[in-house]
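Visitor: Listed below, chain by chain, are the residues.
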Amino acid sequence: MENRLSMSSSPHIRGDVSTSRIMLDVLIALVPASLAGVYFFGLHAALTIIICIVSCVLFEYLSRKFLFKRGNTISDLSAAVTGLLLALNLPPALPKWMAIVGCFFAIVVIKQLFGGIGQNFINPALGARVILLVAYGTRMTQWTAPRGFNGADAVTAATPLGILKEGGELPGYLGMFLGNIGGSLGETSALALIIGGIYLLVRKVITWEIPVIYIGTVALLSWVLGPEGIFTGDPLFHILAGGLMIGAIFMATDYTTSPMTRKGAIIFAFGCGLLTVLFRLYTNMPEGVSYAILLMNTAVPLIDRHTVPKRFGGGANA
Amino acid sequence: MKLFKGGVHPPQRKNTAEMATVAMGVPSVVIIPMVQHLGAPCQPKVKRGDTVKVGQPIGDSDAYVSAPIHSSVSGTVTKAEPLVLTGGKPVMCVEIKPDGLQEVFEGVKPPVVDSRESFLAAIRASGLTGLGGAGFPAHVKLNPPKDAKVDTLVINAAECEPYITSDYRECIENTHGIIEGILQVLKWTGIEKAMIGIENNKPEAVKVLSQAVSGIPSITVHSLPTRYPQGAEKTLIYALTGRQVPSGKLPADVGCIVMNVVSVAFVASYLKTGMPLIKKRVTIDGSAVQNPGNVEVLIGTPIKEVFDFCGGFKSEPKKVIMGGPMMGVSLFSLDLPVLKLNNALLAFDEDESRIPGETACIRCASCVRACPMGLLPYELDRLVNAKKFEEAQKLHILDCVECGCCVYACPAKRLMVQSIRIGKDYLRRNAKK
Ligand code: SF4
Ligand code: SF4
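Protein sequence lines, in the order shown, are assigned to chains P and A. To convert, note that position 27 of the first sequence is 27 in the working numbering; the numbers rise steadily by one, no gaps. In the working numbering, each number is its position in the second sequence, counted from 1, plus 1000.
It is worth saying that the hints were derived from the structure and are not from the lab. Backbone N, C-alpha and C fix where the C-beta goes; we use that ideal spot for every residue, glycine too. There could be a bad hint or two in this list.
Said to hold, decoys possible - When the alpha-carbon atoms are kept at most 27 Å apart in a straight line, the in silico BS3-like pairs for lysine-lysine are as follows: (1) A/K1014 <-> A/K1424; (2) A/K1002 <-> P/K263; (3) A/K1187 <-> A/K1279; (4) P/K204 <-> A/K1002; (5) A/K1413 <-> P/K263.
As the list claims (entries may be wrong) - Reference excerpt, derived from the structure (chain P facing chain A, CB under 8 Å, subset only): (6) M7; (7) I51; (8) V308; (9) G314.
Model the full structure from these sequences, guided by the hints.
Guide: The following block contains the structure:
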């Protein structure tokens, strides 16, 4: 018995939280948004979700096994999360093979090429979305009409932000809140995304700083920088439109590509909000969330370097 | 009250809180190491074949930073030779075969204390070392450099580690001994006041101690939020006084001296009886133990005999820990002896011993939020693994108190404390050269 005592370095106990539990929580938090997507955009949406999750998991498994010769990590569920997030950021009727190309870029190029979970410097799902936008611009901006939008037989529709740029009749706030508008599969229902966000907060998977400051910054700046001069903007429209909710709650809070300290998170979230508004108002792109977050992702190492926490007993010149 | 940042809430498992201390009696053999403190090792003053008595000094050193070591039994010395204990390096040990009579050494008599100097000399002779923490000799601690203006004696009764209840039992069973000891220390060191800090998960201890200090203005009792590592020296001082011990400095630099409740109660008993430190109350618990409890154990008792006294094991022990699960040391053998600074012995069954494997850091920042010292544990881990020790030093790796909060909180189960120890060792070794 003597030599069978196992030795370990303290501490000898561990908390309950594990990587896979966190990822499972993110998947659970995305269920309302996924259901809303399927409800508004139909079977195609469901199919896209399933295909993206399966391809991301497969790409993760295959690339690690054959390309990078590393251990199998699909059980940490992070690939499934990336798949679902990518699906929710795609137009509902995107050809499925394009979605699969996106999954390839997300997992193999953006995530595994840089060393796998925790190593990528931009958000895989967002990075893949932007690659698809560049490669298949037309199909990536064709939006399906949600069920019940302007009569049942409409097949294509513009997004609220598109209408704002191109002109036309804007949808009401209620439709935007519930998700009955054109847009990416999982981004339209603010209600569903907020429910998911509250779940993540309750489960302590995320903290409030990034979503609240990001959304708050967008609201404030879009109000201040209104079309008819200062304080004439429509903040409610801007926080309900486009990918802001899903971006602020699910994409900007991605652990790997957001800062490590509270101070850093605040700077990061403010930067995301600022860039989003600037892109939306002063460029010809209707939507700015993806680019804003991706740009801020690349600033994270810099933010981390300048927001080292104050150590205990460090005194004034810590 | 100041709350330190960070910390974690491990399960408390204070199963033995209501179990009164039971004295174990004389074991079949005692093994007494000559190093049980920080500082110079003691030289054995006895040799094979000598007979010794209870309380007889069997090891001492001329060095100031050292504390003598006494026999906990009467009997015959059977060995005086180096043995490998927890540290990996062999240390000189004296093994004594008890005769069971427990005859007390003639030299054991109440010390004459009439000044600060004679008080400190008595403390040194008692063999007292820091019972809660690293094992710093008590007379050194109580005699800070002249320029340090110490105004507060901090009494640590926080007991924030899971499982351990030995300090709590001291509070309940020896309330007046604690107060008596505090008054003695205040009297002879000239420190003005004492503050007792207890986590608020021990309301009974708060109650009895508060009652006992009513009418004694120099001692106050403070109930602190239950959050690990509340009982770490730096976080405890901060909670009670709002002072932060600067990195690399001692509590005395911010006017505090910290003593554990058990230590201070021992001071009272030593001044009364002259019986040196030869026994300890130890919490015996863990999933593999048949009858957990608090046991008064003679120092040097082989751990196996202590567990046997508690009914042995109900399942095969896979891991045995000296101390608590957050900061204790895992032992390779049950033949190792109980030491002066022991307060708990835990035996874990297979399930409880299992530690999930390390996976990649996902940058979740849990470790950063959990670190009471305000460090970046994930980054220290990464830098040590990349052998970038100097960079780790710039991020204050040497400030780490090895509390384990970061590892406890980490979803990827990174072995950060282990890396940090490697980094600290490397830096200390290279600094000495
Ligand atoms: S880095 Fe050190 S002080 Fe900070 S939590 Fe980890 S073990 Fe504790
Ligand atoms: S808690 Fe673990 S996974 Fe999270 S940042 Fe720290 S080391 Fe990385």
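Visitor: For every hint, state whether the structure bears it out.
Guide: How the hints compare with the structure:
1. A/K1014 <-> A/K1424: 32 Å, violated
2. A/K1002 <-> P/K263: 21 Å, holds
3. A/K1187 <-> A/K1279: 26 Å, holds
4. P/K204 <-> A/K1002: 24 Å, holds
5. A/K1413 <-> P/K263: 25 Å, holds
6. M7: 5 Å, holds
7. I51: Constraint on P/I51 not satisfied, violated at 25 Å.
8. V308: 7 Å, holds
9. G314: 7 Å, holds
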